[in-house]
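Visitor: Using my numbering, you'd call the opening residue of the sequence shown number 70 and step up by one each time.
Derived by calculation from the structure, the hints in this document are not laboratory data. It is possible that part of the hints are untrue.
Restraint-style ranges between C-beta atoms, simulated for each label pair [to be verified]:
1. Cys326 x Glu107: 32 to 42 Å
2. Arg98 x Glu307: 42 to 52 Å
3. Arg115 x Gly246: 32 to 42 Å
4. Pro276 x Pro317: 36 to 46 Å
5. Glu140 x Gly333: 16 to 26 Å
6. Arg98 x Ala308: 43 to 53 Å
7. Gly271 x Gly348: 17 to 27 Å
8. Asp310 x Pro120: 42 to 52 Å
9. Asp310 x Gly83: 19 to 29 Å
10. Pro276 x Gly97: 47 to 57 Å
11. Ala108 x Gly309: 50 to 60 Å
12. Ser338 x Glu89: 32 to 42 Å
Below, a list of computed lysine to aspartate or glutamate pairs in the EDC-like style, where the Cα atoms sit at most 16 Å apart [unchecked claim]:
13. Lys119 x Glu138
14. Lys119 x Asp157
15. Lys119 x Asp336
16. Lys119 x Glu140
17. Lys119 x Asp155
Positions of the beta carbon are idealized from the N, C-alpha and C atoms, including for glycine.
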Amino acid sequence: MSGVAYRYRAHGLGILSDLELPLPPGDGRHEVTLRLGEAVDVPHRRPEGKPLAELSREGGRMFYALAREGERTVLRYPELAEFAGDADLADVTAHPQRGADPGLLSVLASGTLLAVHLLLRGHLVLHASAVEAEGRAIAFVGASGMGKSTLAAALCGAGCGLVADDVLRVDPAGADGFVVHPGSTESRLRPNARQLADSAPGSAVRPTADGRLALRPGSRAGGPLPLAACVVPRPSREAGDVVVRRVPPSRALLWLCRFPRVLGWSDPSSLGHTFQALGDLVERVPLFEATVPWGPPFRPEIPGRLLAALAEPARV
Numbered sequence: 070m071s072g073v074a075y076r077y078r079a080h081g082l083g084i085l086s087d088l089e090l091p092l093p094p095g096d097g098r099h100e101v102t103l104r105l106g107e108a109v110d111v112p113h114r115r116p117e118g119k120p121l122a123e124l125s126r127e128g129g130r131m132f133y134a135l136a137r138e139g140e141r142t143v144l145r146y147p148e149l150a151e152f153a154g155d156a157d158l159a160d161v162t163a164h165p166q167r168g169a170d171p172g173l174l175s176v177l178a179s180g181t182l183l184a185v186h187l188l189l190r191g192h193l194v195l196h197a198s199a200v201e202a203e204g205r206a207i208a209f210v211g212a213s214g215m216g217k218s219t220l221a222a223a224l225c226g227a228g229c230g231l232v233a234d235d236v237l238r239v240d241p242a243g244a245d246g247f248v249v250h251p252g253s254t255e256s257r258l259r260p261n262a263r264q265l266a267d268s269a270p271g272s273a274v275r276p277t278a279d280g281r282l283a284l285r286p287g288s289r290a291g292g293p294l295p296l297a298a299c300v301v302p303r304p305s306r307e308a309g310d311v312v313v314r315r316v317p318p319s320r321a322l323l324w325l326c327r328f329p330r331v332l333g334w335s336d337p338s339s340l341g342h343t344f345q346a347l348g349d350l351v352e353r354v355p356l357f358e359a360t361v362p363w364g365p366p367f368r369p370e371i372p373g374r375l376l377a378a379l380a381e382p383a384r385v
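Sequences and hints are given; from them, build the entire structure.
Guide: What follows is the structure in structure tokens.
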């Protein structure tokens with residue numbers, strides 16, 4: 070490790086890192102080690118070994134690729150960064166692209182890298198942002214750009230605590246259903262949601278290396294929470310009020326399968342485990358479709374209306 074080592078506790082993991090990450094602080098225990106390596110020229114080719122995931126941009130240009138050869142696994146972002154480590158990326162060295170913004174390492178490490186590690190260890194990971202309301206978690210699930218972080222930030226502004234942003238670990242908890250684990254300490258907002266940060270103190274807002282605005286809420290979850298509901302947002306500029314509809318479990322499973330956190334995942338064993346875990350989840354935790362009059366700015370009553378609609382006994 071470098072001279073300064075940061076310790077975090079996120080997604081149920083102890084993390085020891087050379088990099089400063091937007092994660093809750095931890096104690097001395099750690100299962101994940103992240104070292105900062107030298108800058109390199111990250112090539113535009115797949116890592117050697119068995120492919121586990123790959124995503125290309127429009128035009129076929131590779132955005133990232135994940136592969137394992139023996140006991141070595143590599144997550145590569147051509148011309149951005151490369152993360153190389155052991156089989157499940159528990160002991161990782163991060164190599165920035167020579168000349169690239171060093172802040173990208175923090176964005177990628179706290180997002181996709183940790184999601185990949187959790188998947189390789191057999192955990193269920195939702196592409197979700199979650200908040201705490203009355204001691205339970207509500208998870209907003211969906212693809213990028215569907216408003217997950219925006220809704221979570223809006224509810225945090227109305228008094229909820231932040232649980233996680235964009236990466237959510239979900240574990241079975243016996244008779245208690247499922248629990249989720251705290252993750253990020255901030256919401257990463259797109260430019261069209263910047264107004265949510267207007268009333269926040271300057272110390273709670275910062276730009277990120279990928280063009281987002283990071284907003285740190287006033288409160289966050291202090292430990293694992295029971296998962297009360299999953300919600301797929303349907304932003305609407307025309308809707309006059311919040312409309313919440315429960316999705317039957319059979320359809321809920323298909324919906325959740327459409328929103329993987331790591332796109333292009335192809336590892337058969339973990340795909341099978343994820344499908345089974347999602348099937349168990351939708352049988353025990355309700356999934357709702359929520360049409361929300363969209364902002365920002367949101368009308369002041371919208372966060373409360375959404376929470377009230379989700380809390381109606383008939384819906385659960």
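Visitor: Now look at each hint and say whether the structure bears it out.
Guide: Right, here's what the structure says about each hint:
1. The hinted range of 32 to 42 Å is satisfied by Cys326 and Glu107, whose Cβ atoms lie roughly 39 Å apart.
2. A C-beta distance of roughly 50 Å is found between Arg98 and Glu307, which places it inside the suggested range of 42 to 52 Å.
3. In this structure, Arg115 and Gly246 meet the distance hint of 32 to 42 Å, their C-beta atoms being roughly 40 Å apart.
4. Restraint check, Pro276 to Pro317: a C-beta distance of roughly 42 Å satisfies the suggested window 36 to 46 Å.
5. Checking the proposed 16 to 26 Å range against Glu140 and Gly333 shows it holds: the Cβ atoms sit about 23 Å from each other.
6. Separated by about 47 Å at the C-beta atoms, Arg98 and Ala308 satisfy the suggested range of 43 to 53 Å.
7. The hinted window of 17 to 27 Å between Gly271 and Gly348 is violated, with their beta carbons roughly 46 Å apart.
8. Distance hint check for Asp310 and Pro120: the Cβ-Cβ separation is about 47 Å, which falls inside the suggested range of 42 to 52 Å.
9. Our hint of 19 to 29 Å for Asp310 and Gly83 is violated, since their Cβ atoms are close to 44 Å apart.
10. At roughly 32 Å, the beta-carbon separation of Pro276 and Gly97 lies outside the given 47 to 57 Å, and the hint is violated.
11. Roughly 53 Å separates the CB atoms of Ala108 and Gly309, a value that falls within the hinted 50 to 60 Å.
12. A hinted range of 32 to 42 Å holds for the C-beta pair Ser338 and Glu89, which are about 34 Å apart.
13. Pair hint Lys119 plus Glu138 holds up; C-alpha atoms about 6 Å apart against a cutoff of 16 Å.
14. Of the pairs offered as hints, the one joining Lys119 and Asp157 holds, with about 13 Å between alpha carbons and a cut-off of 16 Å not exceeded.
15. Of the pairs offered as hints, the one joining Lys119 and Asp336 holds, with about 9 Å between alpha carbons and a cut-off of 16 Å not exceeded.
16. Only pairs whose Cα atoms come within 16 Å are accepted, and Lys119 paired with Glu140 is accepted, the gap being roughly 11 Å.
17. Note on Lys119 and Asp155: the hinted pairing holds, with a Cα-Cα distance of about 14 Å set against a maximum of 16 Å.
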